[in-house]
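Visitor: Below, each chain spelled out in residue letters.
Protein chains: 2
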Amino acid sequence: MALIVHKYGGTSMGSTERIRNVARRVAKWHDAGNQIVVVPSAMSGETNRLIGLAKEIMPQPDPRELDMLASTGEQVSVALLSMALQALGKQAVSYAGWQVAIKTDSAFTKARIQSIDDAKVRKDLEAGKIVIITGFQGVDNDGNITTLGRGGSDTSAVAVAAALKAQECLIYTDVDGVYTTDPRVVSDARRLDKVTFEEMLEMASLGSKVLQIRSVEFAGNYRMPTRVLSSLTDPMIPLEEEAKSGTLISFEEDTNMEQATITGIAFSRDEAKITVLGVPDKPGIAYQILGPVADANIEVDMIIQNQSVEGKTDFSFTVPRGDYARTMDVLEKSVKGHITPTSIVGDTKVSKVSVVGVGMRSHVGIASQMFRTLAEEGINIQLISTSEIKISVLIDEKYMELAVRALHKAFDLEKAN
Amino acid sequence: MALIVHKYGGTSMGSTERIRNVARRVAKWHDAGNQIVVVPSAMSGETNRLIGLAKEIMPQPDPRELDMLASTGEQVSVALLSMALQALGKQAVSYAGWQVAIKTDSAFTKARIQSIDDAKVRKDLEAGKIVIITGFQGVDNDGNITTLGRGGSDTSAVAVAAALKAQECLIYTDVDGVYTTDPRVVSDARRLDKVTFEEMLEMASLGSKVLQIRSVEFAGNYRMPTRVLSSLTDPMIPLEEEAKSGTLISFEEDTNMEQATITGIAFSRDEAKITVLGVPDKPGIAYQILGPVADANIEVDMIIQNQSVEGKTDFSFTVPRGDYARTMDVLEKSVKGHITPTSIVGDTKVSKVSVVGVGMRSHVGIASQMFRTLAEEGINIQLISTSEIKISVLIDEKYMELAVRALHKAFDLEKAN
Numbered sequence: 006m007a008l009i010v011h012k013y014g015g016t017s018m019g020s021t022e023r024i025r026n027v028a029r030r031v032a033k034w035h036d037a038g039n040q041i042v043v044v045p046s047a048m049s050g051e052t053n054r055l056i057g058l059a060k061e062i063m064p065q066p067d068p069r070e071l072d073m074l075a076s077t078g079e080q081v082s083v084a085l086l087s088m089a090l091q092a093l094g095k096q097a098v099s100y101a102g103w104q105v106a107i108k109t110d111s112a113f114t115k116a117r118i119q120s121i122d123d124a125k126v127r128k129d130l131e132a133g134k135i136v137i138i139t140g141f142q143g144v145d146n147d148g149n150i151t152t153l154g155r156g157g158s159d160t161s162a163v164a165v166a167a168a169l170k171a172q173e174c175l176i177y178t179d180v181d182g183v184y185t186t187d188p189r190v191v192s193d194a195r196r197l198d199k200v201t202f203e204e205m206l207e208m209a210s211l212g213s214k215v216l217q218i219r220s221v222e223f224a225g226n227y228r229m230p231t232r233v234l235s236s237l238t239d240p241m242i243p244l245e246e247e248a249k250s251g252t253l254i255s256f257e258e259d260t261n262m263e264q265a266t267i268t269g270i271a272f273s274r275d276e277a278k279i280t281v282l283g284v285p286d287k288p289g290i291a292y293q294i295l296g297p298v299a300d301a302n303i304e305v306d307m308i309i310q311n312q313s314v315e316g317k318t319d320f321s322f323t324v325p326r327g328d329y330a331r332t333m334d335v336l337e338k339s340v341k342g343h344i345t346p347t348s349i350v351g352d353t354k355v356s357k358v359s360v361v362g363v364g365m366r367s368h369v370g371i372a373s374q375m376f377r378t379l380a381e382e383g384i385n386i387q388l389i390s391t392s393e394i395k396i397s398v399l400i401d402e403k404y405m406e407l408a409v410r411a412l413h414k415a416f417d418l419e420k421a422n
Numbered sequence: 006m007a008l009i010v011h012k013y014g015g016t017s018m019g020s021t022e023r024i025r026n027v028a029r030r031v032a033k034w035h036d037a038g039n040q041i042v043v044v045p046s047a048m049s050g051e052t053n054r055l056i057g058l059a060k061e062i063m064p065q066p067d068p069r070e071l072d073m074l075a076s077t078g079e080q081v082s083v084a085l086l087s088m089a090l091q092a093l094g095k096q097a098v099s100y101a102g103w104q105v106a107i108k109t110d111s112a113f114t115k116a117r118i119q120s121i122d123d124a125k126v127r128k129d130l131e132a133g134k135i136v137i138i139t140g141f142q143g144v145d146n147d148g149n150i151t152t153l154g155r156g157g158s159d160t161s162a163v164a165v166a167a168a169l170k171a172q173e174c175l176i177y178t179d180v181d182g183v184y185t186t187d188p189r190v191v192s193d194a195r196r197l198d199k200v201t202f203e204e205m206l207e208m209a210s211l212g213s214k215v216l217q218i219r220s221v222e223f224a225g226n227y228r229m230p231t232r233v234l235s236s237l238t239d240p241m242i243p244l245e246e247e248a249k250s251g252t253l254i255s256f257e258e259d260t261n262m263e264q265a266t267i268t269g270i271a272f273s274r275d276e277a278k279i280t281v282l283g284v285p286d287k288p289g290i291a292y293q294i295l296g297p298v299a300d301a302n303i304e305v306d307m308i309i310q311n312q313s314v315e316g317k318t319d320f321s322f323t324v325p326r327g328d329y330a331r332t333m334d335v336l337e338k339s340v341k342g343h344i345t346p347t348s349i350v351g352d353t354k355v356s357k358v359s360v361v362g363v364g365m366r367s368h369v370g371i372a373s374q375m376f377r378t379l380a381e382e383g384i385n386i387q388l389i390s391t392s393e394i395k396i397s398v399l400i401d402e403k404y405m406e407l408a409v410r411a412l413h414k415a416f417d418l419e420k421a422n
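Protein chains in written order, with my numbering: chain P, 6 to 422; chain F, 6 to 422.
Just so you know, not all the hints are guaranteed correct.
Note: identical chains are not told apart, hence a pair may lie in one copy or across any two.
What the hints assert, rightly or not - Think about it this way: if two alpha-carbon atoms lie no more than 25 angstroms apart in a straight line, the pair counts; the simulated DSS-like pairs of lysine-lysine are:
(1) LYS33 / LYS60
(2) LYS354 / LYS338
(3) LYS134 / LYS60
(4) LYS108 / LYS125
(5) LYS95 / LYS60
(6) LYS128 / LYS108
These are computed hints drawn from the structure, not numbers from a lab.
Start from the sequences, fold in the hints, and give me the full structure.
Guide: If you want it as structure tokens, here you go:
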């Protein structure tokens, strides 16, 4: 008997008819002798509907109240799924995040999970019940409802799986796995049977959108095998077939590193670039610039500092485009006066394209191949950033699709290795 | 500085525009130096929408899961109202029932409030915040969300007012007070400036539908002055005028009892009558019949037992029409075999009409006046039940409006006393 966590997205939970299908699939796994915990998202459109109501009231609603509001979407889902399982003759019980309890910090609208108390859930599972827990939300130490931000249900699912030491966390979604790049951009993108945690982390963080980045971090920290698979198949397909479908994020040592060079091309459209020009090149500068940005809970992605010239340097970084105006406000208040930069400039029409693969380090030609391909398409590179397993470039957003297609082809990703 | 509790119904909370109006009204009361707690209902239609989703899943959803589902409606309301107050520059904070905490028993879908911890709310009020608390719901000792049943937000509001020892509880609704009878049935029904708690209890329990019966019980138990007033007035009308509008449920000794004879004509359309025929007339019979009905959480209203004949008697009672089938099931299982009645008969096409007034006891002619009026209209009386301040009769439902109109006229209720 295995303990398995299922996560279903908003599309899968989009109507009572679809919720009944989710229930049939879950019941199939339970019938096979597994203990099952389900973490569903809100019904598709519901979170947007709720946030729309809030925006009708005021453009910048208070984050605590926004979480109070938005968290109701998942609560509706868990109750309906519990009923649907009961309608199939299963024992089921639903919990909101605070009931489990999923404890988080108090960063409303982007809280982070700190702990999960598994006692209640274990007791229910041992009594033969299917347990359904709201994704996306938790409770802080003062008893306030928090949410984890968009896509947070993935994180909840993996965190619950880790807390319960589940055998596998299955993320059911409307794509059937992780691809070498987005099939909407490159039509012959290929599904990967398996990716390493590190590759998935880069793919997710760079905007592949299959899994939320924090869920991958959780999977990595707890070495929780996590599978991305389709919720669009017939719920009654044989369990053995379903259990092997999709893409497994694996923690096994890759025995084939020499062959697997490039895994995929990731991209992120909605980036914004900020450059602080002419700052003194001395210790603490990076912290003085980014500290206040981090304190404002803005996620910084690429960070580039060039060689200084005459004791001055330029400091660039990227943030999600939606946080651009707020970041500029923060810098205006915090940086000016302290470090007297020449000026602060920004660009909101930039996108990031990345080449990802664990085998990259041992193949020195990858970077030059990437830069040559972009040059041949006449695409100017604005920033470059590299890690052990990826090379990212920031380019004009209008060339993003072109860059992704050209790179996918240049690295032969349409062919199985 | 007074502490005032406001309660707003679903119609008042029916759109973000209306929620903004509620916020303006609440802010006006706060501006005048009062501490304000607001208990809003779910947006109109929302509870029905949620229960509709549940019924799509299964006809008889599990009560625990139904409460998990239905309680989200009020959570949406409190968050939106808090935002609307913040948009007006007020400090506001919303709480779900479990956060306060409003502790209830575990009778899902019809839970009863056991205690309210006022510490958190007092602290917020003292800090100048307006506190918004979900109506309709609480949490049981095991941390499950419970709801109080339809109309439960009134009860929550009065219970919160009592726990906080508020000066007054204002129930804003889509009628402008308590009338001598339903103005939709009798066009010249008259609004009462003041009713006693006992009269209101009879008016509410008999179906006047202005306030939920349990909220009146709470008001009575805690002697909480409670005012029913209109939410449809301009939110910015002078506070002095608003504070005196509507109908006050008062706990002052009535100094004018000789004059105030009949306060109003209450009625309840959706009744069902059950008669257990030919039961032995011995101690314990009433309990043997009604005990199992009460255990099934069915509310029994009128109870009539006639003089026995040859050691046998007939036992009649009424229940809400929606509980009729379930009541018959319960009786079928519990009564037969134990007390061997001749038969159990029922009628679901009955309504109750009551004449209510604290001055009734000192005016012996009221009953005969009532019975004569009904006789003159050719209306047969099926059951009669009396209390200190009311006389109720059960009649064929098709004569209900006729009876109410005739009695309203017979007692001159269109004229101010």
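Visitor: So which hints don't hold here, by number, going up?
Guide: none
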